[in-house]
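Following the hints, put chain A in place on chain S, whose structure we already have.
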Amino acid sequence: MTLPLLTGVALIQTTLLSRVKLWGARPDLMLLVVLVWAVVRGLDEGLVWGFIGGLLIDLFSGGPLAATVLALLTATLLVGQPWGLGIGSRVVRLLLLSFIGIVAYHLVLLIVLGWTGHMVHWGFAWLRVAGPSTLLNVALAPFVLQPLILLERTTRQA
Amino acid sequence: MRPSPRSGGGPYGAPPRRPWLPLVLFILGLLLLVFHESGYLAPLEYVTHYALDPLQRILAGATDLTGDLFPTVREARELRAEVEELRVEVDALKVENVRLREYEAESEQLRALLNFVSEYPVSTYLGADVVDREEACDTFPCGTVVGLEPNYYLRYVTINVGARQGVEVGMPVVSGGAALVGRVAQVGPRTAKVRLLTDADSSVAGLLQTARVTGLVNGQPGEPDDTLRMEWIPQDERVVVGDIVLTSGLGGLMPKGLVIGQVMDVVQMDYELYQAATVRPAVDYTRLELVLVITTFERISFEEEEPPPEEP
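For the record, the sequence lines run as chains S and A.
Numbering-wise, the working numbering puts 87 at position 87 of the first sequence, and it's gapless, one number per residue.
Numbering-wise, the working numbering puts 1309 at position 309 of the second sequence, and it's gapless, one number per residue.
For reference, chain S alone in the conformation it holds in the complex (with noise of 0.2 Å):
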């Protein structure tokens, strides 16, 4: 279930959400999908889901091959700890966590792109890439949870 339902996110992430703006940045499917399913179903789940998806998305990027990978394992490693068990209500800790791992997300993508020879610029990105999409992201996060506790319900029943 895994490869076809993280293909069909990478697909509609590089397609239909790479045309979406809100308030000046994107939504980031792949990363709240993974993240919120490191909160729902654990780490190992997490890091799994993390390393196939970020493999995907770098597959349909310019960019170098396993730099999301990178990134989206360091975020979920982040936020799959036990230190949110004990901060307030779900919806909190959710928001809380996602904070975490998008901006852990965002550095470790900006160190691979600048190690492999891109150029970066840490204010400008910083600034007006990865700070508006970081608001925004947490903001979806929330969004994101519920089907994916149907998911794991359903996924575990059966």
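Watch out, some of these pointers could steer you wrong.
What the hints assert, rightly or not - What follows is a set of in silico ranges between Cβ atoms, one per label pair, in the way DEER data are often shown:
id : chain 1 : residue 1 : chain 2 : residue 2 : range
1  : S       : A139      : A       : E1078     : 21 to 31 Å
2  : S       : T116      : A       : A1211     : 35 to 45 Å
3  : S       : I12       : A       : V1241     : 54 to 64 Å
4  : S       : H121      : A       : Y1103     : 21 to 31 Å
5  : A       : Y1274     : S       : P142      : 43 to 53 Å
6  : S       : G88       : A       : V1240     : 56 to 66 Å
7  : S       : T2        : A       : S1203     : 16 to 26 Å
8  : S       : L96       : A       : T1296     : 48 to 58 Å
9  : A       : T1278     : S       : Q81       : 55 to 65 Å
10 : A       : V1240     : S       : Q81       : 54 to 64 Å
In short, the hints are calculated from the structure, not lab data.
Treat the numbers as computed from the prediction; the structure is a model and nothing was measured.
Glycine included, C-beta positions come from ideal geometry on N, C-alpha and C.
Just chain A, lined up with the frame of chain S:
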């Protein structure tokens, strides 16, 4: 987010069942990165594209169909204003066109008088704004944009022509009106990835149409709009806002005379040797659909002429 028993990984907050998994996946990711950068994975990526490209084409087709169903009010308002602006511009251009035709005729007469032969004619083959789609596709590989770049910091589009249609890395890609879109960066069997002018790594030799000054046009990606930056313009040259930036053809990688964009702003510091200009791209990348790949063009030759053989 309550813990749930399952056969996969551990529940959220519980210690992972496979503590070695993060390390293994990270090492695998790093290896992929290293092998990709070394070029060892190119055949594998080529094969993967074979499987994924048709899916992307199908979904892109569906997206185009549904995407038109949701035009926003803001877009409609913007378009109306844009139409009004363009009408005024068309009227002005019609007048200018008549004037330029006169100049052209005069120039031809003068050239004939001087027996002047232009070595690099300005418009050797470009006619993308006058030929229709089918004619264009007979001459150049004609691609439809099927995928946009998912990485935030890169600017690429995927088009549905590739190695099978004769597309090669480095070929220039244009849209309607001879506006430069970018250059082919990667080629798959049936698709190609085009690095847009607005990508941070994109660099093209540009020429200001009125000032006749050359410079280097680099990509400047950003939200909400991507722009370009023309650098290395000598300080003593007068750069006017609104001037058109064309490809200069220098370096031989790009044909001369393709439209890059229009100067929006001039950045001039008295203490610097060069000035820069912010350029608005001629192409609206969010609405990019049909593009042409230029497979052959007349390159400016920089080779020195061979000296005539000495007579014995």
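Verification of the hints:
no.	hint	result
1	S:A139 / A:E1078: 21 to 31 Å	holds (25 Å)
2	S:T116 / A:A1211: 35 to 45 Å	holds (37 Å)
3	S:I12 / A:V1241: 54 to 64 Å	violated (40 Å)
4	S:H121 / A:Y1103: 21 to 31 Å	violated (43 Å)
5	A:Y1274 / S:P142: 43 to 53 Å	holds (50 Å)
6	S:G88 / A:V1240: 56 to 66 Å	holds (57 Å)
7	S:T2 / A:S1203: 16 to 26 Å	violated (40 Å)
8	S:L96 / A:T1296: 48 to 58 Å	holds (56 Å)
9	A:T1278 / S:Q81: 55 to 65 Å	violated (43 Å)
10	A:V1240 / S:Q81: 54 to 64 Å	holds (57 Å)
When held up to the earlier numbered hints, the structure conflicts with 3, 4, 7 and 9 and fits the remainder.
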